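Chemist: So the chains spell out like this:
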Amino acid sequence: MIRRATRFLDERAGAAPFLRKALRYVFPDHWSFLLGEIALYSFVVLVLTGIYLTLFFEPSLKDTVYHGSYEPLQGQKMSEAYRSVVDISFKVNAGLLIRQTHHWAADVFVVAIVLHLLRVFFTGAFRKPRDYSVVMSVPIVGASLAVLVWGAGYPGIPSFEGRMYIAHVFLLPIAIAVLLSLHLLLVVARHHTQFPGPKRTERRVVGLPMVPGYVPRTLGLALAVAAVLVLLGGLVQINPIWQWGPYSVANGTNGAQPDWYLGWLIGALRLMPGFDVTIGDYTLVPNPFWGGVLFPMLVFAFLFAWPTIERRRTDDRDVHNLLDHPSDMSWRTAVGASVFSFVAVVFLAGSMDRIAVSVGVPYTWQIWIFRAGLLVVPPLVFVVTRRICSELSERKWSEVEPSMARE
Amino acid sequence: MRPTVLIVVLVALLVPQLGGADSGADLYLQSCVTCHGRGGSGVPPGGKHFGPPLQGVGAQAADFYLTTGYMPVQRADQEPVRKSSPFSDAELRSLVQFIGSFGGPPVPHPRPERGSVSEGLELFTANCAGCHQVAAEGGLVVGGTAPTLADSTPIQIAEAVRIGPYLMPRFTRKQLDDRQVDSIIRYVQLAQHPDDRGGWGIGHLGPIPEGLVAWLIAGAALVGVAAVIGGRAP
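Chains E and G, in that order, are what the protein sequence lines are.
Here the numbering used here is used: the first residue of the first sequence is 1, the next is one more, and so on.
Here the numbering used here is used: the first residue of the second sequence is 1001, the next is one more, and so on.
By construction, these hints were calculated from the structure, which means they are not laboratory data.
It is possible that some hints are incorrect.
Among the chain E residues that face chain G by a calculated CB cut under 10 Å, a handful are [stated by the list, open to error]:
id, residue
1, SER42
2, VAL108
3, ALA177
4, GLY233
5, GLN237
6, GLY255
7, GLN257
8, PHE275
9, GLY350
10, MET352
11, ALA356
Simulated coverage check for chain G against chain E, where a stretch passes if three residues somewhere in it have a Cβ under 8 Å from a Cβ of chain E [what the hints assert, rightly or not]:
id, segment
12, 1046-1053
13, 1074-1086
Since we're looking at a predicted model, the values are computed, not measured.
By construction, the Cβ of each residue, glycine as well, lies at the ideal position given by its N, Cα and C atoms.
Please model the complete structure; the sequences and the hints are all you need to start from.
Modeler: Right, here's the structure in full:
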């Protein structure tokens, strides 16, 4: 079968050399390498469900009056956009399922990206010759956040306006798709990385071949991702806008929050001490700048600069196709863990108001607890991670070769 | 002979208590006077025990504060919270009657069936959601907590709107007439049993529980799948 298909392609398109290479491409096998694929397939689900939604969504802020089936909105004034989303939820066939799956896909896409990022960071997959793949991924993350932010119709914030809508459904998704393809091409061109192991060297890859090993497995993963997202879409309610009611500038609801991946910015805004830079009466830098703009820029700058920082420190300019075990690189692992713990504390602080209501710790105490946490947790994480890493790696080496542990 | 003595003793013990339970004035002296003063005259802040005067608050406020369990509070300087009342129904009635006798508005009789749930949603978003959250789940406000309205009864809602307990503003009949309050009650009843067509409502709080689901359910499940189908040897 496959042979006949390849012959067909070869005779019509002269594809044999390319196909031979593709079919022989070897995929190193480790579960953590699948995190990026989870992100990829979430993106595919996001796009497919999104296409269905565009058929019914009305990107207009024009006023209209609701006369649909949902009693509590009967006769209310709302935008065309809001009405069309209510109709998608209640009238369109499978509309609510697709809409919720779309939203869950967005949320899970970012979860998978974060996990993939952590994997790449802690295994040193960003080193030469893959440093440019890392540079590539920054616009991917940027474009994704932009598309998500403009898409999210969370309560208290108007969702779409014509031009943003075009960006959300058309320009940015295409940009992301192109960037993702380039990212994958770069990965393939430099080949996948692998963990060191028997027979695995810088120049020799051990793993699953494209067929029959890799393709069925990745299809299985794609189906698993789709299954989880559709199950969530069908069983767990997300952004029930018919309950939030139509947006109006005057009426905010208590506890309005953006989607989870912006929680760290909310946290930063809340923890930042209140000062701005003023010249006389003129506010040069208003306070929200520190938490909302400078903080995320610093985090991205850290990720962006890390390959260079590390190269400077270790003076290692070699090509690396073998990954590091996080425990063998205790300095990198400790710095990374401590920076990520900093971001995680800020992120948690984004839900302080809810913590105050459900747990009962007063908000003002929490501000100080979280601020103290920012000073205490990262150094602690650094020290502890470093200790654990060196012990693990010492134990590993002493198992391999008892004499080496002494050195 | 023995049984008669026992009965006499029992009656002697019970009668004063039964009598006390019937009298709102006695209950008031037992549980409220330290903070609200004799005859509901109030105790000014300064000491450990203080409270506003109850003259003129009426059966309306007494019923609200007692049926929600807000009163009696343990500490006068803290926001009262909802709890089950230490009083029996009969005791509540007599206490309410007693405080009502100081003068003031009676217990209201809302009729939510007259209201419109759609108008209620609009009025609730405009007047209440800023504190109580649009699905009436409650939230943090400056200086305290706006509680969830999950357990509020129609009468308590009608009372709260007119009293304005603690940090909550008081709404006059000019701002919200009784019909509008009926609509608000209709809406709160809907919010207590919302139309969760999308499935599990995860608290009707929006992105915070949604993020938890994305990480702890979807993220965990997919990492699990990866771990099962992917290689594990390093």
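Chemist: Look at each hint and say if it fits the structure.
Modeler: Here is what the structure says about each hint:
1. SER42: 9 Å, holds
2. VAL108: 5 Å, holds
3. ALA177: Constraint on ALA177(E) not satisfied, violated at 21 Å.
4. GLY233: 8 Å, holds
5. GLN237: Result: holds, 3 Å to nearest chain G Cβ.
6. GLY255: 4 Å, holds
7. GLN257: Holds, because the Cβ-Cβ distance from GLN257(E) to chain G comes to roughly 4 Å (cut-off 10 Å).
8. PHE275: Since chain G brings no Cβ nearer than about 20 Å to PHE275(E), farther than 10 Å, the hint is violated.
9. GLY350: 8 Å, holds
10. MET352: Holds, about 8 Å.
11. ALA356: Holds - the Cβ of ALA356(E) comes within 10 Å of chain G, reaching about 5 Å at its closest.
12. 1046-1053: violated (count 0)
13. 1074-1086: violated (count 0)
The structure does not agree with the numbered hints 3, 8, 12, 13 stated previously, though it agrees with the rest.
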